[in-house]
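K.L.:
Residue numbers (our numbering), protein chains in the order written: chain S, 1 to 102; chain F, 1001 to 1169.
Quick caveat, the hints were computed from the structure, so don't treat them as lab data.
Check each hint, because a few of them may be wrong.
Simulated restraints on C-beta separations [what the hints assert, rightly or not]:
#	chain 1	residue 1	chain 2	residue 2	range
1	S	Asp98	F	Ala1096	21 to 27 Å
2	F	Ile1002	S	Gly55	47 to 53 Å
3	F	Pro1119	S	Val94	43 to 49 Å
4	S	Leu100	F	Met1074	26 to 32 Å
5	F	Glu1146	S	Gln90	37 to 43 Å
6	F	Gly1128	S	Gly55	17 to 23 Å
7	S	Asp98	F	Ala1117	50 to 56 Å
8	S	Gly55	F	Leu1006	23 to 29 Å
9	F	Tyr1107	S	Gly55	20 to 26 Å
10	S	Asp98	F	Leu1059	37 to 43 Å
11	F	Asn1026	S	Ala96	16 to 22 Å
12	F	Pro1119	S	Gln90	52 to 58 Å
13	S	Ala96	F	Tyr1008	38 to 44 Å
14	F	Asp1135	S	Asp98	48 to 54 Å
Stretch by stretch, here's where chain S covers chain F in the computed footprint (C-beta under 8 Å, at least three residues) [to be verified]:
#	stretch
15	1001 to 1007
16	1026 to 1039
17	1046 to 1056
18	1129 to 1136
Quick look at which bits of chain S chain F covers, simulated, 3 or more residues with Cβ under 8 Å [unchecked claim]:
#	stretch
19	12 to 25
20	34 to 41
21	56 to 70
22	77 to 89
Note that the structure is predicted; figures quoted are calculated from it, not measured.
Just so you know, even glycine gets a beta-carbon here, dropped at the ideal spot from N, CA and C.
What follows is the residue order along each chain.
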Amino acid sequence: MEIGLHHYLFVALVVFLSGIFTVLTRRNAIGVLMGVELVLNSANINYIAFARYGGTPYDGQVFAIFVIMLAAAEAAIGLAIVLGIYRTFQTIDVEATDSLRG
Amino acid sequence: MIYAALFYGVAGLTVLGALGVAFSNNVVYSAFSLMAALLGGAGLYVFLSADFVAAVQLLVYVGGILVLTLFAIMLTHQISNVEVSNRSVGKLPALALVAFVGAGMGYAIVKAPWRVAGPAAEIAAGQGTTYGIGDSFLNKYLLPFELASVVLLTALVGAIVLSRKELRD
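Given the sequences, and given the hints that come with them, work out the whole structure.
P.N.:
This is the structure in structure tokens:
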């Protein structure tokens, strides 16, 4: 079977499902951030697959570049927050940060 | 034939990396599996004639974000990282939810009448996409491009402020 659009969509689907599973089950805060990176990557694969198979190629690729750039900004801020949490709680377990819980 | 074999190899690298991030117990193994997934993603972009985005992915995602993540993991890694049995969401409910979502999306992928066209004229000419992307950034997507630089400046200043030690007067 010739490699077509569906192959790329299924690869992106598996990456997306791994990403949301990681976000749901990881207790390490950086692990959760890695799940978010996987979800963004799956969206990128979809964008570029549709840019190739759907029409004008540059719109999808420009959008993918914006996604990569926003992922970089979000990773920087997220990891700065994680380091702040580590400085305060001496752990990055997401269940340990419950000081506001009643 | 060789094209299909190479594609399945690169796609397999991506999928195995993603599954490694999800199911690995050690967070350092997860980080290296994420690197494999990102490298596979860059390979997939090359298959889709997106040469510039593949290079950007390698430079920014693998060389920037992943290295930053590894730094943060090494700074916060505890030697005695004992996995407690009760998790935030149990693995079995999460698997059930993921399977349900995956079944729905898989059905949509198979059944949707995607309007598939051949490669666009610019790609078929084999020129490379850098010129077209640069042209798009400066003509059609100029405002998002400028706003993106503002976002990056904000993220830079925010990260520095967040990771600064408290000043004692």
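K.L.:
Take the hints in turn and mark each one as holding or not.
P.N.:
Structure-based check of each hint:
no.: 1; hint: S:Asp98 - F:Ala1096: 21 to 27 Å; result: holds, 26 Å
no.: 2; hint: F:Ile1002 - S:Gly55: 47 to 53 Å; result: violated, 29 Å
no.: 3; hint: F:Pro1119 - S:Val94: 43 to 49 Å; result: holds, 45 Å
no.: 4; hint: S:Leu100 - F:Met1074: 26 to 32 Å; result: holds, 29 Å
no.: 5; hint: F:Glu1146 - S:Gln90: 37 to 43 Å; result: holds, 41 Å
no.: 6; hint: F:Gly1128 - S:Gly55: 17 to 23 Å; result: holds, 19 Å
no.: 7; hint: S:Asp98 - F:Ala1117: 50 to 56 Å; result: holds, 52 Å
no.: 8; hint: S:Gly55 - F:Leu1006: 23 to 29 Å; result: holds, 26 Å
no.: 9; hint: F:Tyr1107 - S:Gly55: 20 to 26 Å; result: holds, 25 Å
no.: 10; hint: S:Asp98 - F:Leu1059: 37 to 43 Å; result: holds, 39 Å
no.: 11; hint: F:Asn1026 - S:Ala96: 16 to 22 Å; result: holds, 19 Å
no.: 12; hint: F:Pro1119 - S:Gln90: 52 to 58 Å; result: holds, 54 Å
no.: 13; hint: S:Ala96 - F:Tyr1008: 38 to 44 Å; result: holds, 42 Å
no.: 14; hint: F:Asp1135 - S:Asp98: 48 to 54 Å; result: holds, 51 Å
no.: 15; hint: 1001 to 1007; result: holds (count 3)
no.: 16; hint: 1026 to 1039; result: holds (count 6)
no.: 17; hint: 1046 to 1056; result: holds (count 7)
no.: 18; hint: 1129 to 1136; result: holds (count 5)
no.: 19; hint: 12 to 25; result: holds (count 12)
no.: 20; hint: 34 to 41; result: holds (count 5)
no.: 21; hint: 56 to 70; result: holds (count 12)
no.: 22; hint: 77 to 89; result: holds (count 8)
Hint 2 from the list above is the single one not met by this structure.
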